[in-house]
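If you read the sequences in order, they're chains D and S.
Sequential numbering of the first sequence, starting at 1, is according to UniProt numbering.
Sequential numbering of the second sequence, starting at 1, is according to UniProt numbering.
The hints are simulated quantities; they were obtained by calculation from the structure and are not laboratory data.
Treat the numbers as computed from the prediction; the structure is a model and nothing was measured.
Where hints are given, some of them may not hold.
[Said to hold, decoys possible] Straight-line alpha carbon distances no greater than 25 Å define the calculated BS3-like cross-link-like pairs of lysine-lysine that follow:
1) Lys-275(D) to Lys-217(D)
2) Lys-32(D) to Lys-74(S)
3) Lys-89(S) to Lys-113(S)
4) Lys-97(D) to Lys-14(D)
5) Lys-14(D) to Lys-41(S)
6) Lys-199(D) to Lys-217(D)
7) Lys-97(D) to Lys-12(D)
8) Lys-52(S) to Lys-41(S)
9) Lys-41(S) to Lys-32(D)
10) Lys-275(D) to Lys-330(S)
11) Lys-73(D) to Lys-148(S)
12) Lys-497(S) to Lys-461(S)
13) Lys-217(D) to Lys-286(S)
14) Lys-168(D) to Lys-402(D)
15) Lys-113(S) to Lys-148(S)
16) Lys-299(D) to Lys-330(S)
17) Lys-73(D) to Lys-579(S)
18) Lys-14(D) to Lys-31(S)
19) Lys-124(S) to Lys-89(S)
20) Lys-286(S) to Lys-315(S)
21) Lys-41(S) to Lys-12(D)
22) Lys-339(D) to Lys-330(S)
23) Lys-579(S) to Lys-32(D)
24) Lys-281(S) to Lys-217(D)
25) Lys-199(D) to Lys-168(D)
26) Lys-168(D) to Lys-201(D)
[Said to hold, decoys possible] Incomplete in silico selection of chain S near chain D, CB under 10 Å:
27) Ile-34
28) Thr-105
29) Leu-261
30) Pro-334
31) Ala-356
32) Ser-571
33) Thr-572
Note that CB positions come from ideal geometry on N, CA and C, so glycine has one too.
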Amino acid sequence: MVASLIAILDLKGKPLIQRAYRDDVHTSAIEKFLPLVLDIEEEGQQVTPCFSSQGINYMHIRHSNLYLLALSKRNTNAAEVIIFLHRLVSVLVEYFKELEEESIRDNFVIIYELMDEMMDFGYPQTTESKILQEYITQESHKLEIQARPPMAVTNAVSWRTEGIRYRKNEVFLDVIESVNMLVNANGNVVRSEILGAVKMKCYLSGMPELRLGLNDKVMFESTGRTARGKAIEMEDVKFHQCVRLSRFESDRTISFIPPDGEFELMSYRLSTPVKPLVWVEAAVESHKGSRIEYMVKVKAQFKRRSTANNVEIYVPVPDDADSPKFRASTGTVQYAPDKSAFVWKIKQLGGSREFLMRAHFGLPSVRSETDVEKRPPITVKFEIPYFTVSGIQVRYLKIVEKSGYQALPWVRYITQNGDDYSVGEGKRVDRADVINVQMEAFITFNAFDSLGFFVMNVADSKYKNS
Amino acid sequence: MSIRGPRKGENYELSVDLNSEYRDKRKDAIKRVIASMTVGKDVSGLFPDVLKNMQTEDLEQKKLVYLYLMNYAKTQPELVILAVNTFVKDTDDPNPLVRALAIRTMGCLRAEKIIDYLCDPLQKCLRDENPYVRKTAALCVAKLYDLKPELVIDNGFLEQLHEMIADANPMVVANTVGALTDIHASATSNASLPPNDPAIFTITGTVLTKLLIALNECSEWGRVAILNALARYTAQDDKESEHICERVVPQFQHINGSVVLAAVKVIMIHMRRVRRDDLVKQLVRKMAPPLVTLLSSPPEVQWVALRNINLLLQKRSDILSNEMRVFFCKYNDPLYVKVEKLDIMVRLAGENNVDALLSELKEYASEVDVDFVRKSIKAIGQTAIKIEVAAERCVNVLLELIATRVSYVVQEAVVVMKDIFRRYPATYEGVIPTLCANLDELEEPEAKASLIWIIGEYASKIDNADALLGFFVDTFTEESYPVQLQTLTAVVKLFLKKPDSSQALVQKVLDTATKECDSPDVRDRAYIYWRLLSTDPAAAKAVVLANRPPISLSRTSVSQSLLEELLGEISTLASVYHKPAETFIGKGRIGADAVQKKAEPGDDLLATQKALQTVVAGRQAENLLDFDDDDISTSDSQPSGLAATQVLSQTPAAANLLAGTSSNPLDDLVSIFGGSGGGFGAAPASATSGPGGAAAPDPLAGLGGLSLSGGGSMSPLTPGQSQQPQATPQQSQGQQEDLLGLF
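The following block holds chain D by itself, in its conformation from the complex:
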């Protein structure tokens, strides 16, 4: 009971490409979509991702300047359809880099092929873009031999093809963490959570069995072992479909046959309270009709030995502000009128350091009374190399393949203490920690009040082998 028809529409509601999977919904319903959306908006109602009109259910998502729309006449599984639409977007993005009107027009043949392969009779089928790319290619005319369905399409291991060969067998492991943070008007952290991900680059031959060990508190507790150092308590863990969920459920072992190449092995969430690493405060003095002044303070709230790189602070200003003047104690400041903000860039921000900057803008003397001022948040982006947020550690990564080759597991490496250790069975793994942290913080402000949101990300850094 899923979708009867899937279409990609431009912002004017014109279908760019469509595919009917069942004939219970007439294609003319697609053209009714945008008028319906406009009607709902006109009535002052919310346009929700799913709505129903005259017995037809419209389920849609937005991607840049496109609507992806699914129609059905039954009590469809809405979650499945909406997630499928998102998956369709990510597959198309992987095929064409960017998904927009032009790339759709240029590639309609292959999109039809993909739509045919990804859904049958309204039921989602194969949506792994790596597998799809094996038999649906853009240069099919070059293939002298006909493509065949990869075993993976129907295998129990649907994410890996057999017969992969590498001269050098290597695995790269990345731990990426981001922190969401809400800061209230008084500068208190209302909510914070760490969202982490373990990403892998896998260049291994054959069908290798991998086992990953983390400093997982629940695992230590259930096995009665004591953790060396800190153990972390992951609140929720999500795995790539290659990981055996029942195994994890029974003894917290992460065992899997990895897909080839790059993929996200797992993501996790911790609700440990986190202190904002880069704190930004803004004081605003607005003289209606003449000028507006900002004083921005940035403070690095981490240890002196760490440094935040490429710090960018976006401070929003009124849309009609003009003639900017800036003075900063470090870094450079630029006005970005297209974003209605100014950007304060600091190449390197040392731990425990604090800097100030001032900005001055002119305001037009005439202003409509009813104009309610939007107060978008301040955004902060930065990276902190060699910095751990949650304290997650990769304890070991075991690789077993029936041919018995030696694989080199490379991991992100921390130089701080050099207390790396290895865990047996001939495969050596180093301690892996977060190295580069990129943090994005959004802080709203009203004179002194703020509401914030932080995201951290690991950027590229050197791998080191044991």
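Following the hints, put chain S in place on chain D, whose structure we already have.
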């Protein structure tokens, strides 16, 4: 070939190229045909030319031709037959990709003529050695059933599908289950089907075992199909229910949100029979983190998740009791997500987290979006009514908001204050001067009516109540009807409390209302007051100043039986809309009728009992604070909400008039009972519930009204009934006749 366009133009050129001797040129032409089709041009005339290119070694070209056929087979049924040979041949191709493609496309052609030729190749493909072909063929059976069910049954495809549940390949199992479920759904939507029809997919114990094995091995979408089937299984005993729950729980860790929600559904259904308390607790505890993680998905997915979480919380408020903070709105959340989050936050509000909630709500109330600001202020009111100990803090926040003097903030806060006064009578009287000071700011009828109600209610404690009300009496005819009704009642209250100073005012308002007002509702109410006051002031006092039962916040937004039904539909549109599937799936009026039919037999008794219980409990004001936005927002256009309930409890005659216009029959009904104890108002209420009941999510409300009208007592007769004012419109006369008929 019979159909051929003119010998010029784009289609002619395409036709020439399609018949070209060069392969590349032909292929290019096909691409151009498909391109024209994509932009909506009619290229059906090229059917025979395209068809010629079907037999090819080039897979891409084959796919394009197939695509073309799928689009135009219906318009060219006689010509499709020409394609059959190639299709059948392709199902024998050595390449499994071609075999699967052929069988998949044949199923999509949906032309009568070709269907009969489908059966043999399908038979073959269902037993294909390649799982890719088998999984495609499995779904093809469902396609065939959709077109011609008898062919599926005659060819024994159903039996074959049942065998395929044991297939070694998990993807084949998943698609087989999907196909069987699809067939089951279309078969059961046809009511005349006998219960032993082969199309009905009963999940037996053996099937269950196979599904549980396949579950851990198949792709994400396959898991969704299998979990949905598991949700339909009826467990033999609680041991088996426990077993299913334990096997399904690991799916909570899946990265795909629809797998998570499908697993939640299975657990919610099978948990009903689990008796071990510790297991139930464990399951509920494990459910929370994956639900929270869904909030890190794209906004559309979040929204679907939030709608479902809302339902889950109505059933089990303990699931996320410690997680209110994760529902705090982010600056860049779309409005539809924020609104859902607000609702859930109020559901999760308790004494321990109310301070954090209030400071959030206060912050939202200063945002830009008017709609969101209003909803946030409403949420503050709901919190005050829900948590008694926090009411004072809520009132203080409201006062701070009123101090901002932003027009829509003040108005919404006044409306909310009225509800707080209803919940905690005579508690926050100190606030009244502040509210009255903002009299001039109020423009919206609902806000005005609310303030007037407050003034009338506390007339004895407001020194200048007569002056304040006098202000509205002066502009009486310019105000909207809800405001007029409230003014009328408030002045009468004032008169009953302070007869000396307000005699002139009450005279004036009654005079204006009866002579100059063009709303029959207002006039009738004025007449009734007039007579009450002139014949028996003591009775007037007893009626107008009667104590109203306190209001409370309903824990559920849907009825209990509907909630159970919707929990069985987690992650589907029904659970997203919070409506049973029959109300929106494509059957138009029949859909609504079916609901009626379904609700009628056997449920009357239940409805009667439910209505009686509600009456006894005296919970008359559900519609005041219903979580459903509609109820609150409609109250400015219709005298539902406060206006309706209040008046009903005072003046039974006016009740008849108002009951007809209110949106929710049960609420009105209940309020009549709760207020005056008289049963005679039930007749018009139920008489008008017909259309409303059919459209409302719960048609039981109307039924409840009907069965109650017999049982109600006939006590206080309307004073005004004998002398119905001449100006009374048809509608009210009709209702009066109904009444008389009852007597």
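Right, here's what the structure says about each hint:
1. With a CA separation close to 22 Å, the supplied pair Lys-275(D) and Lys-217(D) stays within the 25 Å bound.
2. As the CA atoms of Lys-32(D) and Lys-74(S) are separated by approximately 23 Å, the hinted pair is consistent with the 25 Å bound.
3. For the suggested pair Lys-89(S) and Lys-113(S), the alpha carbons sit about 17 Å apart, so the restraint of at most 25 Å is met.
4. Among the hinted pairs, Lys-97(D) with Lys-14(D) is consistent with the structure: their alpha-carbon atoms are about 23 Å apart, no more than 25 Å.
5. For the hint linking Lys-14(D) to Lys-41(S), the alpha-carbon distance of about 14 Å falls within 25 Å, and the restraint holds.
6. With a C-alpha separation of about 21 Å, the suggested pairing of Lys-199(D) with Lys-217(D) holds against the 25 Å cut-off.
7. In summary, the hint linking Lys-97(D) to Lys-12(D) is supported, as the alpha carbons are separated by about 23 Å, within the 25 Å threshold.
8. Between Lys-52(S) and Lys-41(S), the direct Cα distance comes to roughly 21 Å. Compliance with the 25 Å bound is thereby established for this hinted pair.
9. Of the supplied pair hints, the one linking Lys-41(S) and Lys-32(D) holds, its CA atoms being roughly 19 Å apart against a limit of 25 Å.
10. With a CA separation close to 19 Å, the supplied pair Lys-275(D) and Lys-330(S) stays within the 25 Å bound.
11. For the suggested pair Lys-73(D) and Lys-148(S), the alpha carbons sit about 19 Å apart, so the restraint of at most 25 Å is met.
12. For a cut-off of 25 Å, the pair hint linking Lys-497(S) to Lys-461(S) stands: about 10 Å separates their Cα positions.
13. A threshold of 25 Å between alpha carbons decides the hint, and for Lys-217(D) with Lys-286(S) the separation of about 16 Å falls inside it, so the pair holds.
14. Taking the CA atoms of Lys-168(D) and Lys-402(D), the gap is about 16 Å. The hint holds against a cut of 25 Å.
15. Between Lys-113(S) and Lys-148(S) the alpha-carbon distance is near 12 Å, which keeps this suggested pair within the 25 Å criterion.
16. Restraint check for Lys-299(D) and Lys-330(S): satisfied, since their Cα atoms lie roughly 23 Å apart, inside the 25 Å limit.
17. A distance of roughly 15 Å separates the Cα atoms of Lys-73(D) and Lys-579(S); the hinted pair therefore holds under the 25 Å criterion.
18. Distance check on the hinted pair: Lys-14(D) and Lys-31(S) sit about 21 Å apart at the alpha-carbon level, within 25 Å; holds.
19. Restraint check: the Cα-Cα separation between Lys-124(S) and Lys-89(S) comes to about 12 Å, which is no more than 25 Å; the hinted pair holds.
20. With a CA separation close to 16 Å, the supplied pair Lys-286(S) and Lys-315(S) stays within the 25 Å bound.
21. Annotation: proposed proximity of Lys-41(S) to Lys-12(D) holds, straight-line Cα distance about 19 Å (limit 25 Å).
22. Of the supplied pair hints, the one linking Lys-339(D) and Lys-330(S) holds, its CA atoms being roughly 19 Å apart against a limit of 25 Å.
23. In summary, the hint linking Lys-579(S) to Lys-32(D) is supported, as the alpha carbons are separated by about 23 Å, within the 25 Å threshold.
24. The hinted pair formed by Lys-281(S) and Lys-217(D) meets the criterion: a straight-line CA distance of about 21 Å does not exceed 25 Å.
25. This hinted pair checks out: Lys-199(D) and Lys-168(D) have alpha carbons roughly 20 Å apart, not beyond 25 Å.
26. Only pairs whose Cα atoms come within 25 Å are accepted, and Lys-168(D) paired with Lys-201(D) is accepted, the gap being roughly 13 Å.
27. Given hint, Ile-34(S) at the interface with chain D, holds; its Cβ is 7 Å from that chain's nearest Cβ, closer than 10 Å.
28. A cut of 10 Å between beta carbons decides the hint on Thr-105(S): the least distance to chain D is about 8 Å, and the hint holds.
29. Among the interface hints, the one on Leu-261(S) holds; its C-beta lies about 5 Å from the nearest C-beta in chain D, closer than the 10 Å criterion.
30. Against a cut-off of 10 Å between C-beta atoms, the interface hint on Pro-334(S) holds, since the closest Cβ of chain D lies about 9 Å away.
31. For Ala-356(S), the interface hint holds, the least distance from its beta-carbon to any beta-carbon of chain D being 7 Å, beneath 10 Å.
32. Residue-level restraint check for Ser-571(S) holds (minimum Cβ-Cβ distance to chain D is 4 Å; threshold 10 Å).
33. The interface hint given for Thr-572(S) holds, since its Cβ lies 5 Å from the closest Cβ of chain D, which is under the 10 Å cut-off.
The structure shown violates none of the earlier numbered hints.
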